[in-house]
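Protein sequence lines, in the order shown, are assigned to chains A and B. Residue numbering for the first sequence follows the working numbering, starting at 1 and increasing by one per position. Residue numbering for the second sequence follows the working numbering, starting at 398 and increasing by one per position.
Below, in silico cross-link-like pairs of lysine to any residue (SDA-like), each with a Cα-Cα straight-line distance of 25 Å or less:
no. : chain 1 : residue 1 : chain 2 : residue 2
1   : A       : LYS284    : A       : PHE361
2   : A       : LYS13     : B       : CYS468
3   : A       : LYS13     : B       : ARG494
4   : B       : LYS554    : A       : MET107
5   : B       : LYS662    : A       : VAL356
6   : B       : LYS643    : A       : SER273
7   : A       : LYS275    : B       : LYS523
8   : A       : LYS13     : B       : ASP513
9   : A       : LYS195    : B       : LEU642
10  : B       : LYS483    : A       : MET1
These aren't lab readings, by the way, just hints derived from the structure by calculation. The structure displayed is predicted, hence computed values, not measured ones.
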Amino acid sequence: MEELIQHLTPILKEVWGYIFPNEIELHWGILIVLYPYLTGLVAGAFILASLVKVFNVKELQPTYRLAMLTAMAFLIVAPLPLLAHLGHPERAYEILITPNSTSAMAMFGFVYAWYLMAVLCLEIWFEYRRDIILWAQKETGIKKWIHKIISLFSKDISEKAIHFDKKWVKIITIIGIPSAFLLHGYVGFIFGSIKANPWWSSVLMPIVFLFSAIVSGIAMVLILYMIITPVRGKQLDILCLDKLASYLFYVMIIDFSLEALDFVHRVYESEESIKILAYLVSNKLFISLVVIQLFMGMLIPLAMIALIKIMKSPPDLKKMVYFISAILVQVGIFSTRWNIVIGGQLFSKSFRGLTVYKITFFGLEGFFASVIVFCLPFILLYILTKVLPPWEEARNP
Amino acid sequence: MKNNIIETDKKVERRSFLKKIAILALAPIAFGFLGSTDKLKTVKKWMLENGYIPSNHKWGMGIDISKCIGCGRCAVACKNENNVPKEPFFFRTWVERYRIYEDGDVQVDSPNGSIDGFDNIRTTNKKMLRSFFVPKICNHCDNPPCVQVCPVGATFKGEDGVVLVDSDYCVGCRYCIQACPYGARFLHPETHTAEKCTFCYHRIVQDKLPACVEVCPTQARVFGELNKKSSPLVRFLRMNKIGILKPSLNTEPKVYYANLDMEVK
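Build the full structure now, drawing on both the sequences and the hints.
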């Protein structure tokens, strides 16, 4: 308690205008910024993977398995920031055993479980089953047993069985696309359905969340592919990169249009909250929204990819531009989440004042905790690639 | 023989070990379940023994803005009565001062929720058009957004219309704080659960008035039944022009303001 009071007291002096006295403590901090960012990466990576299976985009084959594992790694970590920010993490199971049917947040457990078990685990299992069995045959020791257990001791690699696997991968992907939409659209709904908060309350919120998720997912897989491949001493597939960049470009155009629509709609309707929101955007959020989210994270990457596509550039230049664009996009999308979550709490519901967010460094909800949470998926992904190598050469002929 | 004993000992050990594991695994669920129903039973029993039947009541509050003098006694009484932390970040009720100037400029303040009193310093030379105090409190909405969003149902609207929080059940996710349009909720820094005005529930079930109503020197606050014609609150609603806060949000507040100004949000 002492710590909290020490943290809040200086903020009192930095409040602009009038805010309700209970609003000085900002309740959803950096961990809750991470949560939509992480689930967005899950949904985005999965949608990218589904392009290969459902829409037969052959060029993206080299990233298919990597995208699936990326989705898995991020999904496993996604609930951690939520858990860490709860006042009573030990009661978290209440959300699963006695959910309140009218609460959007209560659906989390079900959406999450459905996505993890029915979509990701199943699809990865069917996709890898044949390879796991063949790996297990060649291996010895612990690895053999790990693969045997993961394959659930199935042994059938007849043509019929493989055909069955393939069919099911496709079916699960088709179920998976609306599920991925549900997973992230639902996160948008958690914010979009809060009528008390005009910054959040928007019917577009789930859709904007979704498309920004796809943007971030594609960019993340692109970054991972471009880092991992040279590290493994392999050649980057430029056709695959071109295709990734193209999809990134198209989805960013949609995302940008949606966000522009949201902006224009707000300005045009000019409701009661418009003055305080305008003040918020032009002051507290200017750097993170206008400079980072809009220019660095959206317009510059869009322009760079467009230029590189129009002018027939050499592959090395292309690679560099794609990589830089993808990094900028990641920063931009993280900033988007920041602007939504933190931005939505900076203005008072009296519409008469602004508060500040002071990040703490230590503790469960601090900066270092969130850095750890952010790094975890990458460590997990490393372990996953050891158990289930997604590389082309690991595939059995 | 000796071997046999050791064998059975081992078996017993294993059995008791497994039992312990099972108890450990099931205990939280069982305790949570039994604990909550048990507690509910004792509360219900107490209320019925004392003749309080929630469904016979529907509570509300009336606040006459023209009567409030901004003394802040209500905010002090509330903190004392309900063990609200004394620091200026946690309030179940507070009083705002509005100063509206000729050019339309509005200044609002509530230093320490009115507990420290309001200063007289004028920061501007502009002429004042009107000025008044507004006590704020949880509106005990009939259509409460906080209850709607609570993931575990820890916050609920009772049969008597009072919106309460079960602090043994609240997970501290703070979604209700985000959903409240009136800033009436906070997270208790010690219990780490959501907190808000209960209309002094422990008092009203004993036929007493909420602390803030009891101490108000000008009777700016009126507490009572909404469904009984003889209640002072119904009289208050009959005698005044009534306004509610943020009507466009359709939260249907049960805190009614007389002489409410358009600047109050």
